[in-house]
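Chemist: One letter stands for each residue in the lines below.
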Amino acid sequence: MMYDFLVDLFGNSVFADIIAGTIQSLLPLFLFILPFALFAVYLERKVSAHMQDRLGPMRTGWHGWKQTIADIIKLIQKEDIIATDNDKLLFNLAPIVVFVGSYAAFAAIPFSSYFIGTELDLGIFYIVAVTGLVVAGILMAGWASNNKYSLLGSMRSVAQIISYEIPTILVMLSLVMISGTMSLHTLSEQQTGYAWNWYIFGGPGMTLSKFLLIPSMFIGFLIIYISTLAEVNRTPFDIPEAESELVSGYHTEYSGMKFAMFFLAEYANMFAVSAIVVALFLGGYQSPVGYFGDLIGASWMIPIEQFTWFTVKGLFFVFVQMWLRWTLPRLRVDQLMTTSWKYLIPIAFVNLIIIGLITLL
Amino acid sequence: MKKAEEIFQLLKDNFPASNLELKTDQPTEAIIIASPLEIDKICFFLHDAPELLFDDLMNLSGVDEPKAGVLTVYYHLGSTKIKHKITLKVSTDRNKPEVSTVTEVWKSADWHEREAYDLLGIIFLNHPDLRRILMPYDWDAGYPLRKDYENPEFYQGMKVPY
Amino acid sequence: MAIKTEEMVLNMGPQHPSTHGVLRLELALEGEIITNVIPHIGYLHRCFEKHCEAMTYPQIVPYTDRMDYLAPMGNEFGYAIAMEKLLGIQVPERVDYIRVIMAELQRISSHLVALGTYGADIGAFTPFLYCFIDREKVLNLFEITCGARLLYNYIWIGGLSHDLHPDFVRKTREFIKEFRPNLKEINDLLSHNRIFIDRTANVGILPIDTAINYGVSGPNLRGSGFKWDIRKDDPYSIYNKFDFDIPVGEGKYGTVGDSWDRYYVRVLEMEESCRIIEQALDQLPEGDVQSAIPKRVKPVVGNVYARVENPRGDLGYFIISDGSTSPYRVKVRAPSFVTMQVLNELCKGYMVADVVTILGSIDIVLGEIDR
Chain A
6 MMYDFLVDLF GNSVFADIIA GTIQSLLPLF LFILPFALFA VYLERKVSAH
56 MQDRLGPMRT GWHGWKQTIA DIIKLIQKED IIATDNDKLL FNLAPIVVFV
106 GSYAAFAAIP FSSYFIGTEL DLGIFYIVAV TGLVVAGILM AGWASNNKYS
156 LLGSMRSVAQ IISYEIPTIL VMLSLVMISG TMSLHTLSEQ QTGYAWNWYI
206 FGGPGMTLSK FLLIPSMFIG FLIIYISTLA EVNRTPFDIP EAESELVSGY
256 HTEYSGMKFA MFFLAEYANM FAVSAIVVAL FLGGYQSPVG YFGDLIGASW
306 MIPIEQFTWF TVKGLFFVFV QMWLRWTLPR LRVDQLMTTS WKYLIPIAFV
356 NLIIIGLITL L
Chain H
30 MKKAEEIFQL LKDNFPASNL ELKTDQPTEA IIIASPLEID KICFFLHDAP
80 ELLFDDLMNL SGVDEPKAGV LTVYYHLGST KIKHKITLKV STDRNKPEVS
130 TVTEVWKSAD WHEREAYDLL GIIFLNHPDL RRILMPYDWD AGYPLRKDYE
180 NPEFYQGMKV PY
Chain U
57 MAIKTEEMVL NMGPQHPSTH GVLRLELALE GEIITNVIPH IGYLHRCFEK
107 HCEAMTYPQI VPYTDRMDYL APMGNEFGYA IAMEKLLGIQ VPERVDYIRV
157 IMAELQRISS HLVALGTYGA DIGAFTPFLY CFIDREKVLN LFEITCGARL
207 LYNYIWIGGL SHDLHPDFVR KTREFIKEFR PNLKEINDLL SHNRIFIDRT
257 ANVGILPIDT AINYGVSGPN LRGSGFKWDI RKDDPYSIYN KFDFDIPVGE
307 GKYGTVGDSW DRYYVRVLEM EESCRIIEQA LDQLPEGDVQ SAIPKRVKPV
357 VGNVYARVEN PRGDLGYFII SDGSTSPYRV KVRAPSFVTM QVLNELCKGY
407 MVADVVTILG SIDIVLGEID R
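Residue numbers (our numbering), protein chains in the order written: chain A, 6 to 366; chain H, 30 to 191; chain U, 57 to 427.
These are calculated hints, taken from the structure and not from any lab test.
Careful, some of the hints might be misleading.
[Stated by the list, open to error] In silico BS3-like links for lysine-lysine, alpha-carbon gap of 27 Å or less: (1) K32/H <-> K141/U; (2) K106/U <-> K351/U; (3) K110/H <-> K283/U; (4) K297/U <-> K114/H; (5) K288/U <-> K110/H; (6) K110/H <-> K297/U; (7) K106/U <-> K125/H; (8) K308/U <-> K288/U; (9) K112/H <-> K297/U; (10) K354/U <-> K52/H; (11) K118/H <-> K354/U; (12) K288/U <-> K32/H.
All chains, please: the whole structure from these sequences, using the hints.
Modeler: Pasting the structure below:
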């Protein structure tokens, strides 16, 4: 649509290509990721405050809604401190790498049937690959900071993310086996209709294998949710930035805008992993109860409804992440590894085999 | 439960060569005075003797007594099993303040003795780690709790009196 | 080919969120495993003992507040007990009762901070604020009594600075009524949380013999399963008039004497403190709280050692009098100071994260260690 409009405007498809590409790639950043990250920080403060019998930010604007905006402005204005013994190149590169890694994941996330950055056939594969970039960024940050706390934090973080990627991928693999596709868009499309077509309830169709799949799918859902929690370093797996031990982990030495980039990447990541879980298991952008647009015959409403459903589902899981953070203590680093290697990975493997057998039926 | 007199008698019997003394003219508790270089042996006995079992070193404090020309160490001992208490006291020459350590008997004496060394300059012989503890490690202006201590003008180039 | 490894030395503190003040720990690490811990103290040294030699006896009371700043009432109580023993003063009964009530309220507030910060050390921040809500109520009670919320200067030699506020008894009863369900909530949220148990049980095990030899006292000693409480075993004031239990560690989720036991003993102790306060409020006699305060404090030549059970353990005062109006020497046996020595013994072989767990479980206050 946008492409046709631009070709009309410029009469030149090469030019239109470039501009459309730029707009399309920047659009999610400005329309969604930045506002979302700001909102998520605000939400985190309010959620934690109300869980702890406090009010949270109240002074800036109505119920403090301007607080995070003020914070970001403050962070942008702040002096950028680089210690003399830092590895300058890596130190400056690390926040960009981390931010790009988590931002690039949004490209393949289907917000609605019409609003997808790029409709990749290998969407799942792409997301797994591109979020791997975050690991490199974190290790760079920890190493370049020339600070023992940062180094310990980044080592822990890398070990943790790599360990927890394995159960995540195993669960994703089982989904790919059932659905026969790696495109998140196609996956979402398969789960259309009502809530019982979602993959957490065994996927579409009313066959015997659907009902056999349900327990395995619930297990798979739990595994992927736990491991995504670990991948975004949230409690009870926030060991890399355990403030009571490591001050604040790999970004201890960062200030100003570079810190803000880590900070925004963290919150963007929270939504990204929730979105993946939603797209895989909970019907993606599909409504659980049918569309209002269908009911009144206004098909233009459907993408908007889909977008709303997707955001609501995603935000719900972000909320659950916050809920857990303000309720649970954190694990120790060896217990974290135990959880992954001794429990999640074997269970995910067995689950994968069971699902494979069922799909052969 | 043993009274101070009984404990003193036991010590007298077991350390006939030692110069022990019982002082009961205190308003509160009686004090047994011992010699500074034998205090470790006496403490071992007090700790291990089955009828005494002083397993708890409640307190260890150094005191400066310039009028008598001595530095004194008080040991407040208690027993968690028999629930009796006793106070020991040793005095050592102010110019050569040497006392045997009791860290072998009670590990808790470690920091107490370091503190007494730090603030009063009492040297505890055979102490495993006799360094300053509350003051900076490189404090070279003497021992603050001595009665004739005077603040230095400067510490590491910083002015001390403010 | 063997990989060349090197021991890493990590400085924890003096500016670190989990050292509970300005404590510096020099950690020698083999990977994440601790091989040695050297505590460096003295960053908060305020020359309390030197100050005392220049002040009169009553002037020292406010300074004792500043040692264990989470339990000033206990510090004042100990000093008052020592001085009254030296002077031979018998205080009116009402004074004794009020002192016990204050000391026990202080124990509750101090243990609440210990619990809350311990939760925060493990990573659960919410219980910290829940604890502070209740602590705030205790501080309000202190505020209506003596006007101060943190450093009270309330228990004087031979008496108290103020009598109770007319509302105090009613408000204290209300507080205890509200506090018990809150304590249960904290238990549900933290004490019996699976992750919390995994982090604290079987970590930093302290056997009884080691504990006694290192002079560990108070809840830390009781956490090792040894029933020892100065309130019962060497009673002072009027503690022998009350009926209360001494909770000890039982190794419910691990070995006796682990961090969880030390933590849980504090939870149980708060309940016992509530019982003592209730009994004291029931029996509270009338009287003048200032009648026994001496006009001029000038003890005879001699010395005294008195100890009380502070929230952190066995707090002792050794006071030497030379017959003048100011002490010749005051030495404080601060429970945290003595307990800190056992840290190396506890931490060896555990991980960096466990240092925080263990340090939190022995509940130190740097104001008291450095004096």
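Chemist: Taking the earlier hints as the rules, which of them does this structure contradict?
Modeler: Hints that this structure does not satisfy do not exist here, as all of them hold.
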